[in-house]
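Those sequence lines, one after another, are chains E and L.
Once you know that position 146 of the first sequence is 146 in the working numbering, the rest is easy, because the numbers rise by one and skip nothing.
With positions in the second sequence counted from 1, the corresponding number in the working numbering is that position plus 1000.
Keep in mind the hints are simulated off the structure, nothing from the lab.
Do not take every clue at face value.
[Said to hold, decoys possible] Taking lysine to any residue and the SDA-like style, the derived pairs with C-alpha atoms no more than 20 angstroms apart in a straight line are:
| no. | chain 1 | residue 1 | chain 2 | residue 2 |
| --- | --- | --- | --- | --- |
| 1 | L | LYS1162 | E | ARG313 |
| 2 | L | LYS1162 | E | GLU269 |
| 3 | E | LYS231 | E | LYS157 |
| 4 | L | LYS1044 | L | THR1019 |
| 5 | E | LYS162 | L | TYR1253 |
| 6 | E | LYS231 | E | PRO214 |
| 7 | L | LYS1044 | L | LEU1032 |
| 8 | L | LYS1238 | L | PHE1285 |
| 9 | L | LYS1108 | L | ILE1087 |
| 10 | L | LYS1162 | E | VAL48 |
| 11 | L | LYS1162 | E | ARG289 |
| 12 | L | LYS1231 | L | TYR1253 |
| 13 | L | LYS1162 | E | GLU304 |
| 14 | L | LYS1157 | E | GLU269 |
| 15 | E | LYS157 | E | GLY30 |
| 16 | E | LYS157 | E | PRO327 |
| 17 | E | LYS157 | L | LYS1108 |
| 18 | E | LYS20 | E | MET36 |
| 19 | L | LYS1162 | E | PHE301 |
| 20 | L | LYS1282 | L | GLU1304 |
| 21 | E | LYS162 | L | LYS1044 |
| 22 | E | LYS162 | L | ARG1289 |
| 23 | E | LYS162 | L | GLY1135 |
| 24 | E | LYS238 | E | ALA290 |
| 25 | E | LYS20 | E | LEU312 |
| 26 | E | LYS20 | E | ARG313 |
| 27 | L | LYS1162 | E | THR329 |
| 28 | E | LYS162 | L | MET1220 |
| 29 | E | LYS162 | L | GLN1300 |
| 30 | E | LYS157 | L | LYS1238 |
| 31 | L | LYS1157 | E | ARG137 |
| 32 | E | LYS162 | L | ARG1137 |
| 33 | L | LYS1162 | E | MET36 |
| 34 | E | LYS108 | E | GLY51 |
Being a predicted model, the structure only gives us computed values, none of them experimental.
2 protein chains.
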Amino acid sequence: MAKTRKPRQLILGVDIGGTKIAGGLVTLKGRLNECMVVPTLAQKGRDVSLGQIYVLIGRLLRLAGGKENVCGIGICSPGPLNPATGIVLNPPNLPGWHNVPLAALVRKRFGLPALVENDANAAGLAEVLFGAAAGCRHVFYVTLSTGIGTGIIVDGKIYHGKNGVAGEGGHVVVDHRSPYLCGCGSRGCIEALASGPGMTRRARVLLEQQHGAPSLLRSMTVGDLTRLTPKMIGEAAKRRDAIARVILDETAYYLGVWLGGVISMLDPEMIVIGGGVSQIGKPLFDKIRATVPIFTINRQFVPELPIVPAKLRTNVGVYGAASLFLPGTM
Amino acid sequence: MAKTRKPRQLILGVDIGGTKIAGGLVTLKGRLNECMVVPTLAQKGRDVSLGQIYVLIGRLLRLAGGKENVCGIGICSPGPLNPATGIVLNPPNLPGWHNVPLAALVRKRFGLPALVENDANAAGLAEVLFGAAAGCRHVFYVTLSTGIGTGIIVDGKIYHGKNGVAGEGGHVVVDHRSPYLCGCGSRGCIEALASGPGMTRRARVLLEQQHGAPSLLRSMTVGDLTRLTPKMIGEAAKRRDAIARVILDETAYYLGVWLGGVISMLDPEMIVIGGGVSQIGKPLFDKIRATVPIFTINRQFVPELPIVPAKLRTNVGVYGAASLFLPGTM
């Protein structure tokens, strides 16, 4: 008889990005099935993007065999947002979004429970559940990418703070005298210094200052420094390019100063670093690990503190969104 | 009949400091009775100081009418220590103390449950239970004193991290280029810049640089700048002394940069600042409050975030120690 099948065994996860929306069906054991992607069409405005989200959810519900097989819809979105109310405040990457009650809209439209979470928080939770930090209770998660997003996991749950906006570690100021302004309006935030654009900006300044000095970065960009990427800096540094190495060392140094402070504050069990810039890999991680003990107090514990690359990559957002409906995480 | 009296209605709190040990009996409703103080005699070594602690506990147990009226002995001590094991590692203020199993020693000697906690953590908990942050769930507590101690309260409980050494916010680096070294071995920690000795050190440097400039600080110290105190700087600043105002402004600026980062990370419900230096009061708090929004990301929430003086003063340590045995705090 068909009645023997257990209903509500899947979670629908949606990851909203500035250019694409990914979605998938995740089992309660953390297996991701049926992943798909639609364009966000962010420039066409909020309603078009909301429409894209609805289309994606609709398709996934059909693939799930109907909403009776889905226990909830988890959504991760660029912040700021309030996870308690499910309202997306005003993300810079989603023009026209102001106080959008996303969880309520989805809940009403599909008749299923829905939760909304900041993307870095959700990614951190996914790493704790299914990734590099599996089994850990207290974890600091970092996405090094176009921005620097972080998530604080306390006792296996996302720490939200009073207004739901905790874990914005990317905007901790590590150099209050820095000439580099941050998109948040502050100065010398770790995001302004060590994100992808932060790295390439510092590299361009140095290349312009050292205009006579040869550098692989000049040939890699065919003389157009606006084409510079963090990946190029990583590659040139591996090939012992002096300017690339200065920039990479500085980046790791800033990250080490910053993470030293995080460790003094949070005494985490593990630090997990994901995002495109983290794929520079060993040269970056080695220098971060060497810098951290200089800038934290209880350095006797640092040798036992893993500072490791994230394990989940492309689908970390879908995993993270789905994680919101796993037992014990909220 | 005597049997009508309810037993185990008191908590014994002990606050170990570098010069004195305070103790008291606290009711489950948070009323402090029978407070007393003995000298720590720290220079005479660990065993003498332990003896002083035992004497104090013994006296308080007699005042309580016997150990059957006491449900536990809470102890707060300078860190680093491990609250989970009750072992005091190696506090700079208690020479000769290395891995002292304080909770176990007290438990064995008096046959009562015993817990040990870092003094700033305990003070933070006391402020949440009985002080300025009563009723709050997520609080960042700061002691501005000879050092800068902090405590992170999450959901009404002390956040300990993996090794029990979380909440060392005083050693977050706010100026990695600073000439000022910190006792912890790092550079430009907020403690090195804005603690009492941090303030007076900066003031002495400025007075020496500006050796021709008149300043009330010179007359207050009768020409001996080693006598300078944070209180003098506060008083001179109130009387519009230019050098004192520069030092006070800088102190508040550093604290604002630091707390801005704390707010980005923790999104607390309240920040409570205690300790001797905080008694400079309004001029310090006003400038901190003005600086914080410049160095945090979600500044729309800052106007609703109270940054307030601590309420508990002399006996905060005894309250904090006793708090460890109140229901729901551990």
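Hints versus structure:
For the given pair, L/LYS1162 sits about 26 angstroms from E/ARG313 by alpha-carbon distance, which is inconsistent with the 20 angstroms threshold. Among the hinted pairs, L/LYS1162 with E/GLU269 is consistent with the structure: their alpha-carbon atoms are about 5 angstroms apart, no more than 20 angstroms. The hinted pair formed by E/LYS231 and E/LYS157 fails the criterion: a straight-line CA distance of about 33 angstroms is larger than 20 angstroms. For the suggested pair L/LYS1044 and L/THR1019, the alpha carbons sit about 11 angstroms apart, so the restraint of at most 20 angstroms is met.
About 24 angstroms separates the Cα atoms of E/LYS162 and L/TYR1253, which puts this hinted pair outside 20 angstroms; it is violated. The suggested pairing of E/LYS231 with E/PRO214 holds, with an alpha-carbon distance near 19 angstroms, which does not exceed 20 angstroms. As the CA atoms of L/LYS1044 and L/LEU1032 are separated by approximately 30 angstroms, the hinted pair breaks the 20 angstroms bound. Taken as a hint, the L/LYS1238 and L/PHE1285 pair is honoured in the structure, with Cα atoms around 13 angstroms apart against an allowance of 20 angstroms.
Proposed proximity of L/LYS1108 and L/ILE1087 is supported: the alpha carbons are some 14 angstroms apart, at most 20 angstroms. Taking the CA atoms of L/LYS1162 and E/VAL48, the gap is near 45 angstroms; set against the 20 angstroms cutoff, the hint is violated. Pair hint L/LYS1162 plus E/ARG289 holds up; C-alpha atoms about 18 angstroms apart against a cutoff of 20 angstroms. The hinted pair formed by L/LYS1231 and L/TYR1253 meets the criterion: a straight-line CA distance of about 18 angstroms does not exceed 20 angstroms.
Only pairs whose Cα atoms come within 20 angstroms are accepted, and L/LYS1162 paired with E/GLU304 is accepted, the gap being roughly 11 angstroms. Proximity of L/LYS1157 to E/GLU269 is assessed by CA-CA distance (about 19 angstroms); at most 20 angstroms being required, the pair is judged to hold. Restraint check for E/LYS157 and E/GLY30: satisfied, since their Cα atoms lie roughly 16 angstroms apart, inside the 20 angstroms limit. Annotation: proposed proximity of E/LYS157 to E/PRO327 holds, straight-line Cα distance about 11 angstroms (limit 20 angstroms).
With a C-alpha separation of about 36 angstroms, the suggested pair E/LYS157 and L/LYS1108 falls outside the 20 angstroms cut-off, and the hint is violated. Taking the CA atoms of E/LYS20 and E/MET36, the gap is about 10 angstroms. The hint holds against a cut of 20 angstroms. At most 20 angstroms may separate the alpha-carbon atoms for a hinted pair to count; L/LYS1162 and E/PHE301 meet this at roughly 10 angstroms. The straight-line distance between the Cα atoms of L/LYS1282 and L/GLU1304 is roughly 18 angstroms, inside the 20 angstroms bound, and the hint therefore holds.
Annotation: proposed proximity of E/LYS162 to L/LYS1044 is violated, straight-line Cα distance about 46 angstroms (limit 20 angstroms). Between E/LYS162 and L/ARG1289, the direct Cα distance comes to roughly 18 angstroms. Compliance with the 20 angstroms bound is thereby established for this hinted pair. A C-alpha spacing of about 13 angstroms is found between E/LYS162 and L/GLY1135, which places the hinted pair at or below 20 angstroms, so the restraint holds. Between E/LYS238 and E/ALA290 the CA atoms are separated by roughly 18 angstroms; this keeps the pair inside 20 angstroms, and the hint holds.
With a C-alpha separation of about 18 angstroms, the suggested pairing of E/LYS20 with E/LEU312 holds against the 20 angstroms cut-off. Distance restraint check for E/LYS20 and E/ARG313: the Cα-Cα separation of roughly 15 angstroms lies within the 20 angstroms cut-off, and the hinted pair is therefore satisfied. Between L/LYS1162 and E/THR329 the alpha-carbon distance is near 19 angstroms, which keeps this suggested pair within the 20 angstroms criterion. Taking the CA atoms of E/LYS162 and L/MET1220, the gap is near 44 angstroms; set against the 20 angstroms cutoff, the hint is violated.
Straight-line distance between C-alpha atoms of E/LYS162 and L/GLN1300 comes to about 13 angstroms, which keeps the hinted pair within the 20 angstroms bound. Taking the CA atoms of E/LYS157 and L/LYS1238, the gap is about 46 angstroms. The hint is violated against a cut of 20 angstroms. For a cut-off of 20 angstroms, the pair hint linking L/LYS1157 to E/ARG137 stands: about 16 angstroms separates their Cα positions. Under the criterion of a C-alpha separation no larger than 20 angstroms, the hint pairing E/LYS162 with L/ARG1137 is consistent with the structure, at around 8 angstroms.
Taking the CA atoms of L/LYS1162 and E/MET36, the gap is near 38 angstroms; set against the 20 angstroms cutoff, the hint is violated. As the CA atoms of E/LYS108 and E/GLY51 are separated by approximately 14 angstroms, the hinted pair is consistent with the 20 angstroms bound.
Hints 1, 3, 5, 7, 10, 17, 21, 28, 30, 33 from the list above are not met by this structure, while the remaining hints are.
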